[in-house]
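**Student:** The primary structure of each chain is shown beneath.
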Amino acid sequence: MMDKMIFGRYVPAESVIHRMDPRSKLVLIFLFVCIVFLANNLLTYGLLTVYTFFMIALSKVPIRFIYTGLKPVLLLVIFTLFLHLFLTKEGEVLFRFGWITIYEEGLRQGIFISLRFFLLILMTSILTLTTTPIEITDGLESLLNPLNKVKFPVHELALMMSISLRFIPTLMQETDKIMKAQTARGADFTSGPIKERIKTIIPLLIPLFVSSFKRAEELAVAMESRGYRGGEGRTKYRQLNWGLKDTAMLAMLAALALVLFLLRT
Amino acid sequence: MDISLQNVEYRYQVNTPFERPAIKDVSIDIPSGTFLAIIGHTGSGKSTVLQHLNALLKPTEGQVVIGERKIIPEKKQKNLKEIRQRVGIVFQFPEHQLFEETVEKDICFGPMNFGVSEEEAKKRARAAIGQVGLPEEILSKSPFDLSGGQMRRVAIAGVLAMEPDVIVLDEPTAGLDPRGRKEIMDMFYSLHGTRGLSTVLVTHSMEDASRYADQIVIMHNGEVYKKGTPKEIFSSPEGLLKLGLDVPEVVRFQLKMEKSLNIRLSKTCLTMDELTDEIAAVMKRGTAT
Ligand SMILES: Nc1ncnc2c1ncn2[C@@H]1O[C@H](COP(=O)(O)OP(=O)(O)OP(=O)(O)O)[C@@H](O)[C@H]1O
Ligand SMILES: [Mg+2]
Chain A
1 MMDKMIFGRY VPAESVIHRM DPRSKLVLIF LFVCIVFLAN NLLTYGLLTV YTFFMIALSK
61 VPIRFIYTGL KPVLLLVIFT LFLHLFLTKE GEVLFRFGWI TIYEEGLRQG IFISLRFFLL
121 ILMTSILTLT TTPIEITDGL ESLLNPLNKV KFPVHELALM MSISLRFIPT LMQETDKIMK
181 AQTARGADFT SGPIKERIKT IIPLLIPLFV SSFKRAEELA VAMESRGYRG GEGRTKYRQL
241 NWGLKDTAML AMLAALALVL FLLRT
Chain B
266 MDISLQNVEY RYQVNTPFER PAIKDVSIDI PSGTFLAIIG HTGSGKSTVL QHLNALLKPT
326 EGQVVIGERK IIPEKKQKNL KEIRQRVGIV FQFPEHQLFE ETVEKDICFG PMNFGVSEEE
386 AKKRARAAIG QVGLPEEILS KSPFDLSGGQ MRRVAIAGVL AMEPDVIVLD EPTAGLDPRG
446 RKEIMDMFYS LHGTRGLSTV LVTHSMEDAS RYADQIVIMH NGEVYKKGTP KEIFSSPEGL
506 LKLGLDVPEV VRFQLKMEKS LNIRLSKTCL TMDELTDEIA AVMKRGTAT
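Chains A and B are the protein sequences, given in the same order. Here my numbering is used: the first residue of the first sequence is 1, the next is one more, and so on. Here my numbering is used: the first residue of the second sequence is 266, the next is one more, and so on.
Treat the hints with caution; some may be incorrect.
Ranges of calculated distance between the beta carbons of each label pair, as one might list FRET restraints [as the list claims (entries may be wrong)]:
(1) PRO443(B) - SER211(A): 23 to 33 Å
(2) ALA57(A) - ASN486(B): 30 to 40 Å
(3) LYS340(B) - TRP242(A): 49 to 59 Å
(4) GLY440(B) - ALA254(A): 49 to 59 Å
Covered stretches of chain A, as calculated for chain B (at least 3 residues, CB under 8 Å) [stated by the list, open to error]:
(5) 56 to 69
(6) 178 to 184
(7) 207 to 216
Just so you know, these hints were derived from the structure itself, not from any lab. Even for Gly, the Cβ is constructed at its ideal location relative to N, Cα and C.
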């Protein structure tokens with residue numbers, strides 16, 4: 001049941017996006033998050049959508065995989081849509097049915113905001129699907145490096161991040177395993193009243209916590225015994241390489257931003 | 266309860282780029298009362314097979330028949346509790362599944378999920394803790410204060426207390442000391458006899474497989490490579506050795522002896538007694554066949 005999760009998962013493939021410098025990918029995502037807010041009409045949203053799907057195509061991650069992985073999130077998107085549909089009371093009335101009244105503005109905002117939400121999720125998934133956690137951390141560490149001057153613990157933060165990213169899949173597997181073991185002992189995670197189901201969480205959570213703490217301790221010992229003592233003077237095995245494609249990708253995004261700026265109303 | 270796997274295939278992570286069959290075309294019959302051992306390299310699909318035995322996994326191809334229930338890919342299954350109660354699985358490293366405040370409560374978790382009263386569950390807990398060779402005082406302790414080996418036994422007791430008809434063991438003795446291993450295996454074997462259970466054992470120990478099992482299945486790359494009685498399996502050990510799997514020590518000794526003395530005994534011996542009798546017979550006759 002945990003098989004389908006795609007967060008924190010890396011899908012190996014040969015693609016431009018895979019080969020981009022993690023720094024440029026991070027910058028790209030960050031800028032994309034800002035640019036999304038430029039769109040405010042059909043045309044601009046259309047352009048953003050096209051751009052997003054173009055990026056997915058470039059990444060060569062099978063769209064079916066993304067679709068199945070994002071299904072649960074899709075529910076949230078649809079929920080956002082309905083929230084706006086029912087709660088926004090501006091513009092003309094589109095139709096009335098019993099106590100439900102749908103306003104034009106509600107429909108518009110509902111569609112746009114859920115689309116915006118959806119595109120953001122898609123783009124960030126492309127980042128995590130095409131970049132190994134280690135690359136992301138390396139990129140982030142390098143981007144944040146200037147903050148070292150103000151005594152911000154960049155290296156520690158990056159390390160913390162890479163460790164947590166590294167253990168997400170492990171935790172998922174562990175959850176799956178313990179769920180199966182307790183199911184075999186008659187626990188029921190999938191049906192029954194909510195009150196009962198909350199109770200079945202305990203046999204799952206406690207073993208998970210116990211093993212996580214144990215794992216954290218073991219990791220700390222293993223790191224110390226291999227002589228780890230913080231980031232100072234530590235050289236890097238993986239070197240980051242900013243290439244032409246990185247500049248080109250950012251330039252493309254800049255062009256998109258410009259067009260959006262010109263076409264927005 | 267009879268269990269039978271018919272041409273079972275299972276794929277993990279369907280619809281993802283990682284999809285591939287973990288087991289394919291696996292057919293195994295486990296009539297009531299059988300002691301079946303499954304052997305195979307790490308990653309050969311043993312644990313995946315086991316999870317079909319109580320419908321934790323639904324085959325993606327083929328079918329699994331558990332008692333009267335038929336598990337097929339197309340149909341969503343409901344009310345699997347009865348199956349789960351009748352087929353108890355002891356997972357690899359079962360100590361990871363402990364969660365209660367006390368050992369007693371943890372052992373009672375299974376039975377009570379299946380509708381056994383608290384009183385009865387406690388009675389079973391006391392019986393089970395004795396079966397796995399732990400003192401009764403341990404029942405009031407926290408499972409997290411125990412040693413690894415004790416935790417393992419408690420987890421096993423938790424499955425025994427469910428009083429299943431079929432007991433499925435995934436390397437139950439991995440990581441235990443030699444005496445502990447023997448104790449646990451002997452316990453399962455005597456339970457198998459006295460309660461008339463079916464037992465399915467995944468093991469890396471050829472000794473255990475040849476000593477306890479009536480039937481052996483060898484898995485290789487997700488497929489059944491060979492199945493038969495221990496005698497059948499170990500009497501032509503070449504295939505096993507080619508896969509890089511071991512044979513029991515007695516068989517290995519016999520093979521070496523036959524080779525260096527350039528003789529052949531009349532049969533493959535699985536126990537030390539059998540082998541000594543055979544050797545004695547040969548010496549009496551003066552020649553081997
Ligand atoms: N949850 C899972 N998701 C994806 N693939 C899996 C999962 N569990 C097992 N596999 C894959 O299925 C194959 C068979 O695994 P399985 O655990 O059944 O092997 P095993 O014979 O029990 O090995 P071991 O002796 O190490 O326990 C392996 O290739 C493994 O990578
Ligand atoms: Mg296994």
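**Student:** Which numbered hints are broken by the structure, listed smallest first?
**Tutor:** Violated hints: none at all, because every hint is consistent with the structure.
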